[in-house]
Amino acid sequence: MSAEGGRLEVNDSLLFDASSIAPASQWPSSFILKPSSAVMMLKITDLHASAGTKEILKGISLTINPGEVHAIMGPNGSGKSTLAQVIAGHPGYEVTSGTIEYEGEDLLDMDAEIRAQAGVFLAFQYPVEIPGVTNAYFLRAAYNELRKARGEEEVDPIEFLDIMEEKLALVEMDSTMMQRSVNAGFSGGEKKRNEILQMAVLEPKLAVLDETDSGLDIDALRIVAEGVNKLRRKDRSTIVVTHYQRLLNYIVPDYVHVLAAGRIVRSGGKELALELEAKGYDWLLEPVGV
Amino acid sequence: MSSSIESLVNKEYAYGFVTDIESDTIPRGLSEETIRQISAKKNEPEWLLDWRLKAYRRWLTMTEPHWSNVKYNPIDYQAQTYYSAPKSVKPLQSLAEVDPELLKTYEKLGISLTEQKRLTGVAVDAIFDSVSVGTTMKEELTKVGVVFCSFGEAVHKHPELVKKYLGSVVPYSDNFFAALNSAVFSDGSFVYVPKGVKCPLELSTYFRINAADTGQFERTLIVADEGASVSYLEGCTAPKRATNQLHAAVVEIVALDRGSVKYSTVQNWYAGDKDGVGGIYNFVTKRGKALTDAKISWTQVETGSAITWKYPSVILQGDNAVGEFYSVAVVNNKQQADTGTKMIHIGRNTRSTIISKGISAGQGQNSYRGQVKVLPKAEGARNYTQCDSMLIGNACGAHTFPYIEVANNTATLEHEASTSKIGEDQIFYCKQRGLNAEHAISLIVAGFCKEVFKELPMEFALEAQQLLGISLEGSVG
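Note that the protein sequences, when read in sequence, are chains A and B. Each residue of the first sequence is one higher than the last, beginning at 55 in this note's numbering. Each residue of the second sequence is one higher than the last, beginning at 4 in this note's numbering.
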C-alpha cells in the first residue's frame, strides 16, 4: 500500500464521524510520515456473526488506527464479547458475512494462533485454568511461539526470568505467582491481573480487553488499569470492552462505541461514556428500536 | 469434538516398521512338546523344565479371565508361535558381534546399543522377539557386583539366585496368563543388586516384538538384597500388523530388608489402527514383595497396545514397607485399558500411595481398577489413592473400580477421584496465546500427568511426554 493510498483509506473508511474528535493535526507524527504505520490496525466492515443458528453481530463496521484506544460499551447481550471473540478467532462463532482486515491482511483467513502470532491479543473475560502447567512455563511457551513466528531465537528459562521480573512489577504481582498453575485456584482479581501480565509479556499490536473490569474490587481495578496504561504505545491499539464507565476513568479512550443488538448505535469521544453513565443505555436503544 | 483435536488424536505410529531378519522359529501351537523345545533351545537345566511343565499342566486346568472391562475376540492359543529368535544371535561376547540389522533397528527406535551414542548413566538390555540381543555397560556393573543380564544367561550363571526367587512373588499358579508365561517364557531381564549396593546406573530393558504371529512372553526378575537399591526402566514397541499379537509378561520384584526398587515402564506396543484392526494384546502380571523398611515403586506410562490388562502390585510384607504406584494410561481410537494396582498391607505401619491418571480419546475405553487391602496385623497402615480421568471428545469412556478391604481399624485410607474434559475453551485459550492445537493439547495433558512424570527417571520423562503427544495425535495430545 502506498503512503497516499494508506492515508486516503484511513479517512474514507471512518464509518463513524470521529474526525471532529481526532483531527489529523493531533495524529502522532509517525502516523502521517511513515507509510508502514499509516496502514490501519483493524478495519471491520459489515460484520455478521452467529453462534449456532442465532445471529449475534448484525453488521458491525469499525476502523481502528495504530495507537488508538476504543471502548466498546453496551447492555448485556448486545454482542460486545462476541465481537471480541470473533476478532480473536473463537471457533464457537461463525462469520456469515463481512470482512476484518488486520494490518491490511484478511484476519478471518487466519487461525487463532496465527492471529496471536501476528500480534492480536485477547484478555479473556473468564481466563481458563490449566492445572499442572506453571504460569512460567505457559508464558514462556507462548512468548517463544511469537518469537519463532517473527524468525527470532527462542529464549531459555533463565533469560525469561529476567524478562518476567520487569513485567511482574507492572501488575504488582509476586514472582511466586509464576510457579502456580495457570489460573488454577486464582482469585478473580488474580486472574485478570494475570491476563494483563500476559499482555505485557507478549506485547501485542492489538489488545482486546474483554470485560477486564468485571469482578474486580477498586484496588485491583486500579492495578489492572495502570498496567494497561503503561502498555499504551503509539503503535499499539486497544479495544476495551466494558459494561460500565468506571474502567474508562482509568483507561481513557479515544473513541467510545455503543453496541446494541449486534449493531453500533452510537460512536463518539470519551464524553459519550460519561453521558451513558448519567443517562443509562435506554435513550440510545429506543430510537433504534431495540 | 473439533477437527483440530480429532486430527491430533490420529497420528501415525512411528515404530511400526518390520526388521527383515532371518528367524529361528518353532512351529505354531502349544503342547508339552513345545515347552520341551523352548527349554532345549535355551539349554535349560532339568529343574526349570519341570517348573515350566508344572505351570503348563496347571494352565490347562485354568480358564481365561473375563472380569475386566475389556472386550476382544477369543484368543486361539494354538495359532500362536511361542518362540522366535533372530538366527544370528548366539551367545555373544560383545556388542560388536550383534547383527548390524538389529543395531539399526534399535537406532531407529532411538535406543543406541553402540558404545559412543549410548545414554550416559544407563545400561540397556535389548530383547528382540524371544531373546536378548545385547546388554550394555556390563563392566561398570560387574565392578560393584550388580548382575544385569538376560534371564537365559542368569539361569546358567546364577542358578541359585534364579531358583530361589523365580515364582516367589508370582507363583506359576497365580493366574491364567502368569501360568502361560511360566510355561513358555523365552527371555527377559534379570537383575541382582547385592547387599548395601546402590546401583550406579539406571538399568533399562528394551522389548521389541518383530516376528509375525509371535507372542512375546518375557519374564523379568529383580532382586534388591538388604539395603540395596536400583532403578529400572522398560520400553516396548512392535511393528504394525493387521493381526493381534499376544504379549503375556511376568515381572517379579523382591526388595529385601531396607531394599529399594523403582520400576518404570514406557509401554508403546502397537495399538492397532484407528478402526481397531491389529495391535498387541497386553496381559501382564507385575508384582513386588517388600520386606521390612523396603520400598517398591512402580511408575508406568501406558500409551500402546490394543488391550492392556495389567496391575503392578506391591505386597507390603515387612513392617514400615512402602509401596507406590504412579500411572498414566492413554487410550485412543479403539484401544481399551483396564489397569491399576493392588496394595496388600501385611506389615505394621506400611504405607502405600496410588496416583492414577487416565486419558481417554477417540473411542477409547479406560478403566482404573485398584485394590487396597489391609490385613489384620497391619497396625497403622496408610494408603492414599488419587484417581483422575481426562476425556477428550465425546465418544470415549473412563471407568473407576476401586476395591477397599480393611481388617484393621487403626488403618487410614484416603481416596480421591476426579473426571475432567479437555475443553475447546482450554485449547482456544492456548491458541490465543500463539500455541497451535497440538502444542496446546500436549501442554494440557502434560500438566494433567505432571505428578506421574516427575517420578520418571529424568532421561525418560521428556521421552514419555513426547510419546504422549504422539499417542494423542489424531485423537488426544
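Hints in this document: simulated from the structure, not taken from any laboratory. A few of these clues could be false.
[Claimed, not checked] One side only, chain B facing chain A, incomplete, derived with CB under 7 Å:
#  : residue
1  : Pro48
2  : Ile78
3  : Gln81
4  : Ala82
5  : Lys424
6  : Arg436
7  : Asn439
8  : Glu441
9  : Ile447
10 : Phe451
All C-beta atoms in this analysis are idealised placements derived from N, C-alpha and C, irrespective of residue type, glycine included.
Right, here's what the structure says about each hint:
Hint status for proline 48(B) relative to chain A: violated, with the closest Cβ pair at about 51 Å, above 7 Å. A distance limit of 7 Å between C-beta atoms decides the matter here; for isoleucine 78(B) the minimum to chain A is near 38 Å, and the interface restraint is violated. For glutamine 81(B), the suggested interface contact is broken, since its CB lies about 47 Å from the closest CB of chain A, more than 7 Å. Contact between alanine 82(B) and chain A, as hinted, is not supported at the beta carbon level, the nearest pair being about 44 Å apart and thus beyond 7 Å.
Look at lysine 424(B): its Cβ only gets to about 13 Å from chain A, farther than 7 Å, so that hint breaks. For arginine 436(B), the shortest C-beta to C-beta distance to chain A is roughly 4 Å, which falls under 7 Å, so the interface hint holds. For asparagine 439(B), the interface hint holds, since its Cβ comes within 7 Å of a Cβ in chain A; the closest pair sits about 5 Å apart. This hint is violated: glutamate 441(B) has a C-beta 10 Å from the nearest C-beta of chain A, more than the 7 Å allowed.
A least Cβ separation of about 6 Å between isoleucine 447(B) and chain A falls short of the 7 Å threshold, and the interface hint therefore holds. Contact between phenylalanine 451(B) and chain A, as hinted, is supported at the beta carbon level, the nearest pair being about 6 Å apart and thus within 7 Å.
Violated hints for the displayed structure, listed by number in ascending order: 1, 2, 3, 4, 5, 8.
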